[in-house]
Every structure is written in structure tokens, then in C-alpha cells.
Amino acid sequence: METVVFALLNGLIYGLLLFMLSSGLTLIFSMMGVLNFAHASFYMLGAYFAFTLGQHTGFWFALFLAPICVGAAGACVERWGLRKVHARGHVAELLFTFGLAYVIEELVKIIWGKFAVAYEIPPELNFSLFKLFGSQYPAYRIFMLVVSIAMLAGLWYLLKRTRIGLIIQASLTHPNMVAHLGHNVPRIFMLVFAAGCALAGLAGVIGGNYLVTEPSMAFSIGPIVFVVVVVGGMGSLEGAFIASLLIGFLQTFAISIDSSFAEIFSFAGLSADGDVGRITIASLAPMLPFILLVLMLMLRPRGLMGEREF
Amino acid sequence: MTDYSLDRVPDLAPSARYKFATRVLPLLLLALILLSIPLFEPSRTWLSLFNAIGINMVFALSYNMLLGQAGLLSFGHAVYFGLGGYAAMHGMNAIENASYDGGIWAAFPMFGLPLVGFAGGALAGALIGFPSCRRSDVPFAMISLGIAELVAAAGFMFISVFGGEEGITGDRMNGIELFGLSLGPLGDVYWFIAFWTFVGVALMYAFTRTPLGKMAQAVRDNPERVKFVGYNPNRVRYLVFIAAGGFAGLAGGMSAVNYEIFTPESLSVIPSGLVLLMAFIGGARYFAGPILGAVVLTYMQSNLSDYSEAWLLYLGLLFIGMILFAPGGLAGLLLSGTAALKHSLSVKGLLRVGAFASSALLAAAGIIVLVELAVRYSNGFGEAFEPFGLHLAPDQMMSWVVGLVLAGVGIGALKVLSKQGGMGS
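Those sequence lines, one after another, are chains W and Z. At position 88 of the first sequence the residue is numbered 88 (the working numbering), and the sequence of numbers has no breaks. In short: position in the second sequence from 1, add 1000, done, that's the working numbering.
Just chain W, with the same shape it has in the complex:
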């Protein structure tokens, strides 16, 4: 019972963090038709910006400033990079973002060093909020939960209930028609890209001190965000939300199960000496998202909630 409740809470927080990353990516994905390899790099930039800004202005200003800076960086990338490559097709775009991820990681290494920086949870939030089954539950995790839910509500309101959201949704599916109506579609795309990057940056600000802020953080979370977007379905925020929570729960539950294959399949006569018998469910946790990705692409390429195949 104890493990289940903790895994549920942690899985929910991890899943919402993933959703913050993937919501921007899925918008960009349905706009360009290409997954942005550098999306997790913007997440990393968010954490590093917040670390540096936080030293001067404190965490609370950095919480707002860092995503804005990341969004501005994203806008520049779209305006002077992606827009040029767009004419050369999907493969060129994919390669461009792949190269960009390399460059951002190396730049981060040069500016902030090769090792993790001491980006820490603000002291105001560094206390335990309540006791659960005898162990303390940190307040910062609940803060992450609140920020994620606020972001989720804000994004939903913006996209579904405002005029701007209407135009954005229209230009994802019918860019030419929107342009005929007098809107500047390239600028809308740039803004969506920037907003998506800013969301990734926000995830970095609140996730960087919860996890670790180091140059390899983009590389370790990037592929998982892809999985979320593909499993959720192209352009579907609802799908991305479900997939984020699914993967969040799947991974945290798997990590908390320590039994090995030998114990589970002992009825089938599997011994604990072989390689297969020694595998534990916990060690499978990092592989689960990729198994899901490969299966989903082969069996149901449009994802859980996607409207079209990509």
C-alpha cells in the first residue's frame, strides 16, 4: 500500500513534468510534421538559465524570466534556422534539430562546465509538507504539481477558449486558409515554436533542481519525450497528457518493483543463474518507454488520440 501511494504520487509528478515538455513538442510536431530533437535541449537551457538568473534575482524571478529567455532563443532558432531548412523537407529538418542538440550541449559544457551545477531547491520550499506512512513528503514536489496543473489549465484555456488559440489551431491544420484570411502564418509558427520552447524551459526550471542540472540531462530525457509525443498521437494535447501520465506511472511503478524474472517465472522453471533470470523489473524501467514506442509505431502509427498518421 505504502509503495503504491508513493509510486502514484511520484509518477503523477514525473508524468506532469513530462507533459510540460511534451505539450510544447506536440504543438511544434503537428506544425512542422517533424519531431524536434533539440526540444529537450531547451529544457536543459531552462534549468541552466534559472541557475544563473537565480544567483542574481532569486528563484521566483527566475521562474518567470528563464522560460522567457528560452522562448526568445527558440524564436531565433525558428526564424534563422528551421525556416530556411523547411523547404528541403522533413529529413533535413530532423537533421537540423539533431545537429542543434549537439551544439547546445557543447555550448552548455563550455559555459557552465562539464559537471552538474549546484542548482538547488529554494529554501522557502525546502521543507516537508506532510507525513505519509511515517515518511516526510517534500513540499517542492507538491509545488511542482501545482505549477504543472496551473500550466495545464492555462494552456487549455489559451488554446480552446481564446481567439489566439482558435487561430493557432486553425493554422496547424489549414495554414493556407489562415494565410488567406490575412494572418501571418510564419509568424504564428514562430510564436508557437517559441511558446513550446518556453514551456520546455519552464519544465527545466522546476525540474532541474528536482533532478540534476548537468549537460547530459537533455540527452537522457529527450528520447522519452519523443515517446510521449508519438504514443499520444500527432497534434493531440489530450493524447500527450494521457501518454505522459502513462509513462510516468509505468516507470515509477517499475522502479519500485524489485523482483527479478527468476522470482516471477519460477513456476516455469527459470533459474536465477542465467542472464534472463537475473533481470529485475526495476532494471527494465528505462526500456519500457522504448518498447511502447516501437510497438505503437508498428501497430497503431497514429498514436492513442492522433487524428492523422505522420
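It should be emphasised that the hints constitute simulated quantities derived from the structure, not laboratory data. It is possible that some hints are incorrect.
[As the list claims (entries may be wrong)] DSSO-like mimics (lysine-lysine), calculated; alpha carbons at most 30 Å apart, straight line: (1) K1019/Z <-> K1214/Z; (2) K1419/Z <-> K1342/Z; (3) K84/W <-> K1419/Z; (4) K84/W <-> K1415/Z.
Once you have looked at the hints, place chain Z on chain W.
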């Protein structure tokens, strides 16, 4: 009715001389280069660099069978390199065991291990390719990424096959000697690598001339039309995928004999990314492109990393620069440069190519100065960047200005030049 026009149709088939010059001569040239390298008595460092280049050439060319020929972007090609290499490593150990207790492996020479690698890579390609080749474009790329992550994770999990973190090792000096090569000294290994490099390059070139190779290009350019002609694009992709896996495995087998060790790291996404960079920077549209890319990148990897901490950044910038401005890669740049010279061998044409090259150099120099200054500034040792006897200290405003001016002038000149028309015109 007689058809007169038949007599007047000009013979459009390429002449024998043209065929020789474009299809046989380059391979002869490669053989000549490979044969003449030992004449210069290169040092051990150079020999091991040449060996690494040979391996990467075959690997990058096999990658380009997918990217350049079939138009399939893979983020997991090192899987086949690694699985082929592991197959060869196990073959190597089987030969060693057989040399004590006998057995079928005792008859297998160490020299032939790349064939075991080929079989391993092709088998892996056949197994993994079957589900993934049913899709193309972005889904294919995503499947390859997912499979690469899975195989790399499995590599660390199945210790009896992949040897865990420290990998499996072997000894290449066992079994039958072929061509009088004991494969002990580095010079012997050079001949081994040179032989298989030539075989790999020649076979992969021959593959582009087969009907399957031609159909692969058709599938890349217009899969719908291929269906109308009566071929199944998925099947063509699948067959090319198996062949590409096999040649990657061949390179893996060469690498197994060269380094005598294989670790699960070699299956991961990082070497897969590197081979993608090699093929693309060299020029995926040309057969010789990946060869160029392998030479340049392997050289950069082994030498530039001594000079600069930021070599991966340069690599990334080079890659992005190529995507933005020269999608034909290094091979494309070379060809369009020579074509421009040939086309209008005038003072004006020469000046134009010269102006392009020198402003690109200026921009590169400026960017290098800025990056090196940033590296030294962030290290904080107060070390200065000293190219060609210059003294550029990171704490002086002047050195940053030098970098900014160089980069600014170079990029500005490139912009002006490209506005006046492309490089070819």
C-alpha cells in the same frame, strides 16, 4: 512501312572510355592509395589512424546505403555495426578455443572474421528490418531510435553475450595465417584493414549498379511510382536494409580484429549519431561523400580533440552549416567548385571561387577565435589562445573584438556573395 528514324537515333549509351573513367578508375585509384601508404613508412600513430579511417569508411558507406540511396534516416545504425562486431569477437574466441581443442573453427582463418561480422549484421538487419521497413520517413527514424535504445540497454543486461560494462576481449594472433599475415604487428593489421576496406567499398559500389540499388534510388525519390511499376517499396527497403546491416557488420568485424575488444557502448545512440554526421558532412548524395566524411571526421576525432576541448562543438557547427548552406556536403562543395572552374575558366570565375573560399575561411577563423576564447574564459586558468604566434587573452576586450570582427566580416561577405547568385553560376 520502314522505320527510318531508328538509324538516326544517336547512341546515348556512355562510351567505354567514360564508363572506365567513372566506374573503374576511382576504385583503381583507391587501391593504389591503399597500396602506397606503407611505402611512406608511417609511424604507429598514423597506422592506427589509417586503420580507424578504413573501418569508418566502410561503416559510413553502409550507412549511406540507407540515407543516400534508399532515403531512410536511421538513428540506430551502430546496432548492426555492434552486433556484427560482437559476432566477430565470439568468432575470434571460438578460433582461439579451437586452436587448443580442435573443432570446426580451427579451419577458419582470423583474416576472414569480417565475413562473420557481415553475417551477424545482415542477420540482425533481417530480424529488425522486417517490422521497421514497413514504414518510411519520420516513423522509420523514430523506430530506429527506439530499437537502438532497446538494443543498447539489452547489451548491458545480457552479460554472458555482451560482457557487461567491460565488454568482451579476444586475441587475434590465433588460427590459420592467410597471406603470411600473423596479424600481430600493426603493419599486418594495416593490410588486413586495407584488404577489407577495398572489398567493402568495391562491393558497395557494385551494389549501386545492381537493379536493386537502382530501385532503392527510385523508392527514395518516388515510392508511389515504384508501386505503379510493380515493385513493392517496403520489400526494396527491406532488402537494402539487410545489405546495409551486413556491411555495417563487416566494418564491425574489421573493428573487432583491429581493437580486439567490443563493449556495449558501441551499440548505443552515440556512435549511431557519429556515423550519421560522417555520411552527411561528407555528402550523402554522392557515393564518395561518406568516404570523405569518414576521413575528415576520423582525423578530427583523433587529432582535433588534442588541440581543442570544443571539437564536438565545431563538429556540430560544421554539421549545421552543411545542412543550412551546403546540403551536398563536402563532396558537393568540391564538385560544384571544380565545375564552376571548369565551366568558366576565367579570371572572374577564379576570383569568385576564391572570394567564397576566403570569406568562408574568415568566418570560420572568427568563430574559432570566439569559441576558443570562451573555452579558456570558462576554464578560468588565465590561459591565452595563441594561434600563429598571436597572443589573445580572454580577459582582454581586444581579443573578443578580433574574433567578432573576423566572424562578422566573413559572414557578411558570404551573404553578399550568395546574393549575387549561387556558387555555380
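Results of checking the hints against the structure:
1. K1019/Z <-> K1214/Z: Roughly 17 Å between the alpha carbons, so the hint for K1019/Z and K1214/Z holds.
2. K1419/Z <-> K1342/Z: holds, 22 Å
3. K84/W <-> K1419/Z: holds, 15 Å
4. K84/W <-> K1415/Z: holds, 14 Å
Hint check: no violations occur; every hint is consistent with the structure.
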